[in-house]
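Participant: Residue-level listing of the chains:
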Amino acid sequence: MGTGETSVRALSDVSLSFPAGAVTLIMGPSGCGKTTLLSVLGCLLKPQVGSVMVNGIDVAAAGEEERARIRRDQIGFIFQSFRLFKALTAVENAMLAMEISGEKGPQVRAQAERILGNLELSEKRHLKPDELSGGEKQRVAIARALMREPKIILADEPTASLDSQAGERITRILRDIAEEQQRTVVMVSHDEWLCRFAEKVVGLHDGKVVESPI
Amino acid sequence: MRLALRNLLHDPTRFVVTSLGVAFAVFLMIFQGSLLIGFFRAAAKVIDTTDSDLWIAPRGVVCFDLAATLDSRFREIALGISGVESVNPISVNFVGYQIPDGQHRTVVLIGADPKVGLRFPLPYLPDSGGALEPEAILVDETNVPELEIDAVPSAVEINGRRAHIAGIVHGFSSFLGSPYVFASYEDAARYSRLGRQRAAYLTVRVARGYDVAAVKDKLALELPEVDVWTHAQFERRSQWYWVGKTGAGAAILTAAVLAFLIGLVLVSQTIYATTMEHLEEFATLKALGASKRFTAKIVLTQALVFCAAGGVVGVGSAIPVVKLAQNAVAWIYTPLWLVPVVLLPSLLMCMLASITSIRTALSVEPAKVFRV
Chain L
1 MGTGETSVRA
11 LSDVSLSFPA
21 GAVTLIMGPS
31 GCGKTTLLSV
41 LGCLLKPQVG
51 SVMVNGIDVA
61 AAGEEERARI
71 RRDQIGFIFQ
81 SFRLFKALTA
91 VENAMLAMEI
101 SGEKGPQVRA
111 QAERILGNLE
121 LSEKRHLKPD
131 ELSGGEKQRV
141 AIARALMREP
151 KIILADEPTA
161 SLDSQAGERI
171 TRILRDIAEE
181 QQRTVVMVSH
191 DEWLCRFAEK
201 VVGLHDGKVV
211 ESPI
Chain Y
1 MRLALRNLLH
11 DPTRFVVTSL
21 GVAFAVFLMI
31 FQGSLLIGFF
41 RAAAKVIDTT
51 DSDLWIAPRG
61 VVCFDLAATL
71 DSRFREIALG
81 ISGVESVNPI
91 SVNFVGYQIP
101 DGQHRTVVLI
111 GADPKVGLRF
121 PLPYLPDSGG
131 ALEPEAILVD
141 ETNVPELEID
151 AVPSAVEING
161 RRAHIAGIVH
171 GFSSFLGSPY
181 VFASYEDAAR
191 YSRLGRQRAA
201 YLTVRVARGY
211 DVAAVKDKLA
221 LELPEVDVWT
231 HAQFERRSQW
241 YWVGKTGAGA
251 AILTAAVLAF
261 LIGLVLVSQT
271 IYATTMEHLE
281 EFATLKALGA
291 SKRFTAKIVL
301 TQALVFCAAG
311 GVVGVGSAIP
321 VVKLAQNAVA
331 WIYTPLWLVP
341 VVLLPSLLMC
351 MLASITSIRT
361 ALSVEPAKVF
371 RV
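As given, the protein sequences belong to chains L and Y, one line each in that order.
According to this note's numbering, the first sequence is numbered sequentially starting from 1.
According to this note's numbering, the second sequence is numbered sequentially starting from 1.
The set of hints was computed from the structure by calculation and includes no laboratory data.
One or more of the hints may lead you astray.
[As the list claims (entries may be wrong)] Some chain L residues close to chain Y (C-beta under 10 Å, calculated; not the full set):
(1) THR36
(2) LEU38
(3) GLU179
Predicted, not measured: the structure shown is a model, and the values here were computed from it.
Yeah, the Cβ is synthetic: ideal placement off N, Cα and C, and Gly gets one too.
Taking the hints into account, I'd like the entire structure generated from these sequences.
Facilitator: Have a look at this one:
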């Protein structure tokens with residue numbers, strides 16, 4: 001990444017696959033390349049060499065618009081700082097995932113309300129992010145990630161901004177999504193206790209894989 | 001465009017501050033524009049009220065107010081040229097004006113006969129079929145305090161000769177510092193002591209069916225000692241003299257141009273700053289897979305709403321303030337066309353600022369969303 005003297009090799013010799021129906025946890029110290037790996041998996045960054053196959057498509061070779069389409073249609077994102085839109089209610093935040101591709105109307109709203117209901121947020125669907133707790137915000141973010149029924153869920157430190165109880169709840173939800181809906185869930189975290197919820201744990205150090213499945 | 005509108009309403013303080021930024025810019029442009037246009041208008045107001053096609057003026061006269069005198073023979077020569085329907089003299093002179101308590105003022109005495117035009121302010125006798133009241137003068141309403149006029153009619157002296165104020169006119173405020181006073185050509189000639197034969201200008205009406213430009217050329221050929229202008233040319237000449245050749249006019253022109261530029265920069269800066277505040281949200285949208293078009297629509301919608309809100313407030317506040325300012329600067333004037341002339345470039349700047357900020361918003365690194 002970067003150019004000239006400031007360039008760094010963020011990831012090197014990384015060869016990984018992420019199974020469907022399971023949670024994969026990526027762990028490692030700060031600066032080891034976890035977020036870079038997640039950005040590459042999420043088609044947000046393009047690797048300078050190598051390939052990244054998402055459901056059979058090499059996204060490293062795809063153009064910007066194509067990668068945006070893959071992000072929109074096949075990947076659900078969950079962020080540490082939620083990244084909800086403060087001006088929108090919970091249900092509107094969830095609906096936004098559909099609206100960015102021009103899909104709107106009562107069906108979209110009904111779908112958002114159903115997913116929020118599954119995440120026990122029915123009564124809070126008309127509240128804005130500032131009126132929700134951290135755990136509730138993260139559940140709204142999960143609802144938004146699930147709206148387009150993506151095959152892949154990428155979660156960056158999803159529990160870091162939450163207390164332990166809310167963090168565990170979020171992790172259980174993500175594991176249930178992986179198992180019950182056969183989705184690929186990839187989580188990045190510092191929290192070692194999350195290992196018990198993951199089928200596969202990947203250790204990273206200085207941009208290289210140092211551990212294999214537990 | 002729910003997100004665009006909700007973002008605006010979510011932070012009412014920010015919405016008000018941004019709209020006020022645009023409103024102030026619009027206000028500034030309209031106010032300074034009104035000063036400039038009013039100045040232009042006042043510089044040619046008297047010319048505008050004549051029903052003339054051509055003006056014959058002493059050679060080199062730069063504007064209506066700073067007149068010289070013409071010899072009477074020019075009128076006779078002009079009347080002899082084919083296509084000339086009528087030639088009517090106008091006199092313009094700085095004269096002494098004395099109110100009954102003995103105080104003196106200098107006024108610009110303008111004299112003309114009814115043939116010069118029905119809109120020209122002259123002391124007509126009521127129900128007289130167009131006859132003028134002798135020894136009568138008219139003054140503008142804005143000069144009433146300066147000339148200490150308590151009642152109409154009231155007696156005054158002009159260059160030591162008796163006159164009386166017969167009426168008050170509107171919209172003839174002079175920016176020269178010396179009020180305009182209107183009288184019949186006969187009386188004005190007497191008050192100025194120049195006599196009927198020494199007019200400042202001759203206004204020419206061209207007969208129907210004749211080409212004004214051709215008659216102008218003929219007059220210029222026959223009267224090489226004078227200048228011949230079309231009505232519009234003489235208006236522009238007077239206006240540009242005051243705006244371009246005098247300190248006050250240049251200051252007003254400079255202020256208007258600067259206000260326009262500052263206003264446009266202010267509008268674009270305000271819109272740009274507001275978009276930049278939402279850069280994180282645009283990064284999130286991009287990460288979620290939103291197209292460039294989707295993001296651009298949000299930014300443009302927000303810019304349009306700010307421009308509309310700011311424009312309404314700016315115009316809505318500028319017009320009453322201009323009216324209020326007329327108490328101090330009587331000639332300030334806001335024509336209706338000034339509103340779109342200000343709003344359209346403002347809208348354009350809003351769009352340009354949006355496009356610039358859209359470029360930044362669209363080039364934002366989507367991986368930014370993983371940073372806290």
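Participant: Have a go at the GLU179(L) hint: is there a Cβ in chain Y nearer than 10 Å to its own Cβ?
Facilitator: Check failed: Cβ of GLU179(L) comes no nearer than 25 Å to chain Y, outside 10 Å.
Participant: Next item in the hint list is THR36(L). Is there a CB on chain Y closer than 10 Å to its CB?
Facilitator: holds, 8 Å
Participant: Given LEU38(L) as an interface hint, is its Cβ closer than 10 Å to any Cβ of chain Y?
Facilitator: Status holds, d = 6 Å.
Checked against the numbered hints given earlier, the structure breaks only hint 3 and satisfies all the rest.
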